[in-house]
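Listed here are the chains, written in short residue letters.
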Amino acid sequence: MILVISTCSQNLSENEFVRPIENLLLKNSFDFKTKHYSEISDASGYDKIIICGTALKDFEYLKDMNKFSWIKKYEGKLLGICSGVQIIATIFGMPLKEESQIGTRKVNTLIANPLMEGKFNAYFLSSKQPILGKEVVPLTEDESVIKFKGKEFYGCMFHPEVLNSEIIIKFCNL
Amino acid sequence: MRVGVLFSGGKDSCLALSKAMKEHKVVCLITIVSKNSESFMFHTPNICITKIQAEAMGIPLVSFPTEGKKENELEDLKKAIVEAKEKYGIEGIVTGSVRSTYQSSRIEKICKELDLWCFNPLWLIDEIEELNEVKDSGIRAIVSGVFAFPLEKELLGKPINEEFIKKMIALKEKWQINPAGEGGEIETTVLDAPFFKSKIELIDTSIEYENYSGTFIINKARLVKK
Numbered sequence: 001m002i003l004v005i006s007t008c009s010q011n012l013s014e015n016e017f018v019r020p021i022e023n024l025l026l027k028n029s030f031d032f033k034t035k036h037y038s039e040i041s042d043a044s045g046y047d048k049i050i051i052c053g054t055a056l057k058d059f060e061y062l063k064d065m066n067k068f069s070w071i072k073k074y075e076g077k078l079l080g081i082c083s084g085v086q087i088i089a090t091i092f093g094m095p096l097k098e099e100s101q102i103g104t105r106k107v108n109t110l111i112a113n114p115l116m117e118g119k120f121n122a123y124f125l126s127s128k129q130p131i132l133g134k135e136v137v138p139l140t141e142d143e144s145v146i147k148f149k150g151k152e153f154y155g156c157m158f159h160p161e162v163l164n165s166e167i168i169i170k171f172c173n174l
Numbered sequence: 175m176r177v178g179v180l181f182s183g184g185k186d187s188c189l190a191l192s193k194a195m196k197e198h199k200v201v202c203l204i205t206i207v208s209k210n211s212e213s214f215m216f217h218t219p220n221i222c223i224t225k226i227q228a229e230a231m232g233i234p235l236v237s238f239p240t241e242g243k244k245e246n247e248l249e250d251l252k253k254a255i256v257e258a259k260e261k262y263g264i265e266g267i268v269t270g271s272v273r274s275t276y277q278s279s280r281i282e283k284i285c286k287e288l289d290l291w292c293f294n295p296l297w298l299i300d301e302i303e304e305l306n307e308v309k310d311s312g313i314r315a316i317v318s319g320v321f322a323f324p325l326e327k328e329l330l331g332k333p334i335n336e337e338f339i340k341k342m343i344a345l346k347e348k349w350q351i352n353p354a355g356e357g358g359e360i361e362t363t364v365l366d367a368p369f370f371k372s373k374i375e376l377i378d379t380s381i382e383y384e385n386y387s388g389t390f391i392i393n394k395a396r397l398v399k400k
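Quick mapping for you: the protein sequence lines, in order, are chains C and E. Quick note, the first sequence lines up with residues 1 to 174 if you use the working numbering. Quick note, the second sequence lines up with residues 175 to 400 if you use the working numbering.
Among the clues, some could well be false.
To be verified - When the alpha-carbon atoms are kept at most 30 Å apart in a straight line, the in silico DSS-like pairs for lysine-lysine are as follows:
| id | chain 1 | residue 1 | chain 2 | residue 2 |
| --- | --- | --- | --- | --- |
| 1 | E | 196 | C | 63 |
| 2 | C | 57 | E | 261 |
| 3 | E | 341 | E | 327 |
| 4 | E | 252 | C | 106 |
| 5 | C | 67 | C | 134 |
| 6 | C | 33 | E | 196 |
| 7 | C | 106 | E | 286 |
| 8 | E | 199 | E | 309 |
| 9 | C | 170 | E | 346 |
In case anyone wonders, no lab produced these hints; they're calculated from the structure.
Isolated chain C, as found in the complex:
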């Protein structure tokens, strides 16, 4: 079972950042449940988790980092998208820097990995980036996709649901 986690503080944003991922999982017949991060204390019952992004001006989740302490103990596969990456990075002690990325640009795969390959266009919508530490390996030249060492945790700073839905499908099939 896959858990889809909303990081949106506004219901209207869920149409934009959560529903497209739910629709993708439905279309591809994956079993999933969706919860808001505030409802989760233990995620051990799920073998895969996707932490979705949220609006550019939404940072409520950063005030609630205590709600994500389960991430450190989680042993399944985790994909963080945009704010999801910021959350996982913060939990592992990496600071965030102010840096806006809005729009479409090319991303080039650096290391062979199960989620993506080659060069592709990706849609970015973020205003904070993690300052990467030794805990992660960049999977792309621009460090927009990272893997956490020793774990099946991935972080994707662009929104794969927009132009690269195959990344989400591949993650769900891991």
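Take the given structure of chain C and dock chain E to it, following the hints.
Here is chain E on its own, set in the frame of chain C:
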């Protein structure tokens, strides 16, 4: 939150508006009237009807003209949003963007510069799901423009109903036409919706159509009691 809705008068902006109304206070509509028929951002047939639609809803309209030159029109959009912020105290913008990263990234950048929330409640919605949602939510829209093969003249002025949706599904299967017209193949105009206090009656219309490209022109319309 006080929000302004980017409003073209078509089904997408009306559906986005109806979703915004359930969560936030819609304090104004913002319309950009482009003189450039090739505009990527704003061209819509019958854009002038937004004035009547706003009146029907009882929501103030910020209408801003633009010559429609590529980057100038973004500056004009920014000016319109600034006006909405100053006049109506908006804290966020709602758009009817469905799939255009060109359009949405530009609006997101403007909102960031102006410290505003940006909501795109129709983002990546399935086209058929969207058409059904328009129909089921009581939004009464008609086809006001067709701009692709094999869209026929007969579609102009037709309502977005069950029959239209079936036809668009068939055209999608045969010709890969985007059934909701997201690629600019189809434009629509809304004449009534549950949140309209009065509805729009068309008094004088005409059709211009040539080589699978045409417009249903509303020359004269008025508001009538529902």
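Results of checking the hints against the structure:
1. E/196 / C/63: Holds: residue 196 of chain E and residue 63 of chain C sit about 26 Å apart, inside 30 Å.
2. C/57 / E/261: 22 Å, holds
3. E/341 / E/327: 14 Å, holds
4. E/252 / C/106: 27 Å, holds
5. C/67 / C/134: With Cα atoms ~24 Å apart, residue 67 of chain C and residue 134 of chain C stay inside 30 Å; holds.
6. C/33 / E/196: Since the Cα atoms of residue 33 of chain C and residue 196 of chain E sit roughly 24 Å apart, the hinted pair holds (cutoff 30 Å).
7. C/106 / E/286: 22 Å, holds
8. E/199 / E/309: 24 Å, holds
9. C/170 / E/346: 27 Å, holds
When the structure is compared with the earlier hints, no violation turns up for any of them.
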